[in-house]
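Student: Sequences are here, hints too, so could you generate the full structure?
Spelled out, the chains give:
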Amino acid sequence: GNSVTQMEGPVTLSEEAFLTINCTYTATGYPSLFWYVQYPGEGLQLLLKATKADDKGSNKGFEATYRKETTSFHLEKGSVQVSDSAVYFCALINQAGTALIFGKGTTLSVSS
Amino acid sequence: NAGVTQTPKFQVLKTGQSMTLQCAQDMNHEYMSWYRQDPGMGLRLIHYSVGAGITDQGEVPNGYNVSRSTTEDFPLRLLSAAPSQTSVYFCASSKNTEAFFGQGTRLTVV
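In order, the protein sequences belong to chains A and B.
The first sequence begins at 82 in the numbering used here and counts up one residue at a time.
The second sequence begins at 45 in the numbering used here and counts up one residue at a time.
There may be inaccurate statements among the hints.
Stated by the list, open to error - Just the calculated beta-carbon pair ranges, DEER-fashion:
hint, chain 1, residue 1, chain 2, residue 2, range
1, A, P91, B, R121, 32 to 38 Å
2, A, D136, B, Q61, 44 to 50 Å
3, B, K139, A, T107, 22 to 28 Å
4, A, S139, B, K139, 18 to 24 Å
To be verified - The list that follows gives simulated cross-link-like pairs (lysine to aspartate or glutamate, EDC-like), each with its CA atoms no further than 16 Å apart:
hint, chain 1, residue 1, chain 2, residue 2
5, A, K158, A, E97
6, A, K158, A, E144
7, B, K53, A, E123
8, A, K133, B, E142
9, B, K139, B, E74
10, A, K185, B, D70
11, A, K141, A, D165
12, A, K185, B, D82
13, A, K137, A, E123
14, B, K139, B, E116
To be verified - Selected chain A positions facing chain B (Cβ under 10 Å, derived; list incomplete):
hint, residue
15, Q87
16, G178
17, A180
18, G184
Treat the hints as calculated values from the structure; they're not laboratory data.
Owing to the predicted nature of the structure, the values given are computational and were not obtained by experimental measurement.
Ideal Cβ placement from N, Cα and C applies to all residues, glycine included.
Tutor: Below is the structure:
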């Protein structure tokens with residue numbers, strides 16, 4: 082079945098450091114891929130998405146490229162800020178296109 | 045534009061009690077779903093619906109019931125609460141692969 086595996090946290094960085102959060106997936110076909118972010122005490126917000134191989138999603142300085150050959154969708158940001166501290170979830174949409182399948186989440190903590 | 049509204053935000057139940065978590069969306073989305081979030085487990089799908097009158101089970105459906113009588117509403121019922129159902133519950137609605145989430149309901153079963 083479909084599944085998502087992302088690196089375990091927590092990830093602790095200093096402000097302006099480079100961020101990578103790894104995500105790999107198992108799926109039939111070529112599902113759309115997503116990164117969601119959850120700030121403390123809030124619900125999930127869509128951060129970026131990619132709908133086909135080699136697409137690059139980007140938003141707020143974050144980027145992720147849909148790599149079919151490695152079944153990966155790693156999240157990157159060149160210079161993190163304290164305000165980026167949150168939990169990040171990688172996800173794909175199920176075969177029927179009706180619901181999301183999430184990784185376990187990676188907690189990012191950025192200090193000044 | 046309210047988006048997805050969940051009520052209540054917090055709830056404490058005794059073991060064996062029943063309750064309904066409410067979810068409403070005003071975006072006319074066909075797809076709605078319920079997830080639970082537990083530490084170290086990510087979000088797991090409980091039930092989902094592809095339209096009024098149509099529901100299906102997700103990964104962890106036991107102990108929960110849903111119905112979808114209107115496009116707007118998708119309530120989640122706990123029939124007999126158990127401590128294992130202590131969690132944060134999120135409702136989502138989606139269209140064209142993009143999902144919108146409510147603020148969550150933090151449920152504690154004692």
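Student: Could you run down the list of hints and mark each one as holding or not?
Tutor: How the hints compare with the structure:
{"no.": "1", "hint": "A:P91 - B:R121: 32 to 38 Å", "in the structure": "holds (35 Å)"}
{"no.": "2", "hint": "A:D136 - B:Q61: 44 to 50 Å", "in the structure": "holds (47 Å)"}
{"no.": "3", "hint": "B:K139 - A:T107: 22 to 28 Å", "in the structure": "holds (26 Å)"}
{"no.": "4", "hint": "A:S139 - B:K139: 18 to 24 Å", "in the structure": "holds (22 Å)"}
{"no.": "5", "hint": "A:K158 - A:E97", "in the structure": "holds (9 Å)"}
{"no.": "6", "hint": "A:K158 - A:E144", "in the structure": "holds (6 Å)"}
{"no.": "7", "hint": "B:K53 - A:E123", "in the structure": "holds (11 Å)"}
{"no.": "8", "hint": "A:K133 - B:E142", "in the structure": "holds (15 Å)"}
{"no.": "9", "hint": "B:K139 - B:E74", "in the structure": "holds (7 Å)"}
{"no.": "10", "hint": "A:K185 - B:D70", "in the structure": "violated (29 Å)"}
{"no.": "11", "hint": "A:K141 - A:D165", "in the structure": "holds (10 Å)"}
{"no.": "12", "hint": "A:K185 - B:D82", "in the structure": "holds (9 Å)"}
{"no.": "13", "hint": "A:K137 - A:E123", "in the structure": "violated (26 Å)"}
{"no.": "14", "hint": "B:K139 - B:E116", "in the structure": "holds (13 Å)"}
{"no.": "15", "hint": "Q87", "in the structure": "holds (8 Å)"}
{"no.": "16", "hint": "G178", "in the structure": "holds (7 Å)"}
{"no.": "17", "hint": "A180", "in the structure": "holds (4 Å)"}
{"no.": "18", "hint": "G184", "in the structure": "holds (6 Å)"}
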